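Protein chains in written order, with the numbering used here: chain B, 1 to 155; chain R, 156 to 370.
Since the hints were made in silico from the structure, they are not lab data.
Small disclaimer: the values here were computed from a predicted structure and weren't measured.
In this text, a Cβ means the ideal position worked out from N, Cα and C, and glycines have one as well.
Take these hints with a grain of salt, some might be off.
As the list claims (entries may be wrong) - Covered by chain B, per the in silico footprint, the following chain R stretches (three or more residues, Cβ under 8 Å): (1) 217-227; (2) 262-276.
Stated by the list, open to error - Chain B residues, not near chain R, derived (Cβ > 10 Å throughout): (3) Leu3; (4) Leu10; (5) Leu18; (6) Lys40; (7) Asp46; (8) Pro58; (9) Asp103; (10) Ala111; (11) Leu134.
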Amino acid sequence: GDLGPFNPGLPVEVPVWLAINLKQRQKCRLIPPEWMDVEKLEEIRDQERKEDTFTPMPSPYYMELTKLLLNYASDNIPKADEIRTLVKETWDTRIAKLRLSADSFVRQQEAHAKLDNLTLMEINTTGTFLTQALDHMYKLRTNLQPSESAHSQDF
Amino acid sequence: GGDSDGGSEELVLTPAQLIRSLEQAWLNEKFAPELLESKPEIIECVVEQLDHMEANLKRAKRGDLKVSIHRMEIERIRYVLSSYLRCRLVKIEKFFPHVLEKEKSRAEGEPSILSPEEFAFAKEYMANTEIYLKNVALKHMPPNLQKVALLKSVPRPNLDSFVFLRVLERQENILVEPETDEQREYAIDLEEGSQHLIRYKTVAPLVASGAVQLI
Chain B
1 GDLGPFNPGL PVEVPVWLAI NLKQRQKCRL IPPEWMDVEK LEEIRDQERK EDTFTPMPSP
61 YYMELTKLLL NYASDNIPKA DEIRTLVKET WDTRIAKLRL SADSFVRQQE AHAKLDNLTL
121 MEINTTGTFL TQALDHMYKL RTNLQPSESA HSQDF
Chain R
156 GGDSDGGSEE LVLTPAQLIR SLEQAWLNEK FAPELLESKP EIIECVVEQL DHMEANLKRA
216 KRGDLKVSIH RMEIERIRYV LSSYLRCRLV KIEKFFPHVL EKEKSRAEGE PSILSPEEFA
276 FAKEYMANTE IYLKNVALKH MPPNLQKVAL LKSVPRPNLD SFVFLRVLER QENILVEPET
336 DEQREYAIDL EEGSQHLIRY KTVAPLVASG AVQLI
């Protein structure tokens with residue numbers, strides 16, 4: 001895509017990978033996103049704890065952005081430590097809900113689930129485990145009766 | 156970049172759209188249990204685009220920053236392309252007799268799942284495996300046991316595995332089959348932008364058509 005123009009002193013939007021790289025080379029200062037602010041994050045964390053369902057997150061990449069920005073540009077972020085704690089608390093609450101929900105999915109042998117407000121990071125954290133577990137369950141279940149599609153060597 | 160080569164559907168993509176298509180193909184291939192359609196147009200265009208960018212870089216020697224930024228971008232795109240091709244090769248090696256069978260029994264107008272190079276690779280892989288099995292074990296067996304039915308012994312891809320997806324184009328009335336005998340089948344609508352966990356088999360045609368994206 002197209003980027004720039006890069007003028008000293010003026011903020012410009014770039015992809016995260018470029019921003020981190022430039023920051024590491026000490027060529028720029030990073031500006032945190034609007035939602036990366038103590039009050040906003042406190043609201044979100046409390047909302048998440050109150051509801052049984054998943055609250056929509058301010059960014060589909062909130063976890064990745066928090067990790068990256070706090071690692072590489074904490075000097076550009078006011079109250080970095082508080083922000084780190086707040087995001088972690090929200091993440092923990094969401095992952096706990098996800099574990100419960102995955103457990104019930106497997107237990108009740110559901111065929112389908114809608115996961116709109118989950119971010120990719122959360123999905124991929126539990127996703128592989130969940131899909132492999134479901135596959136194993138399926139194999140165990142379908143091997144209870146011999147079916148025509150079962151593969152066996154015939155000698 | 157983005158020139159198509161005289162196909163019946165001329166699609167001129169911007170470089171950004173081209174890379175987006177590559178990423179979609181890559182993710183779908185990564186998360187699908189079976190080998191998906193090959194995408195020669197995308198691969199050709201991406202390689203062309205990369206060559207183009209490399210040529211530009213060779214010429215523009217001034218300005219450290221610009222050059223290194225473009226170089227980073229080239230590396231990133233190259234990584235996605237390699238990962239995509241490698242993912243396909245892993246599946247070809249894993250399911251080789253089934254992949255070859257599917258390609259051989261393909262109808263005239265149906266899209267190919269193997270590129271010409273991949274097809275040659277798969278055939279060679281099969282031939283090598285057969286020779287290996289013969290030399291290591293089979294020729295020492297009694298004469299009536301010297302054949303191995305690869306199509307039966309090599310496991311098929313598990314199309315019943317669950318996948319996560321995001322909906323790109325709204326779909327109505329997708330039939331969800333029951334898991335147990337006590338359940339009954341039901342229909343769901345897939346709203347644009349929503350995310351779901353479901354059996355691959357149910358949505359395989361939607362992945363192929365681009366209506367959903369595996370995540």
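Hints versus structure:
no. : hint    : verdict
1   : 217-227 : holds (count 3)
2   : 262-276 : violated (count 0)
3   : Leu3    : 8 Å, violated
4   : Leu10   : 16 Å, holds
5   : Leu18   : 6 Å, violated
6   : Lys40   : 23 Å, holds
7   : Asp46   : 24 Å, holds
8   : Pro58   : 16 Å, holds
9   : Asp103  : 14 Å, holds
10  : Ala111  : 5 Å, violated
11  : Leu134  : 5 Å, violated
Of the numbered hints listed earlier, those contradicted by the structure are 2, 3, 5, 10, 11.
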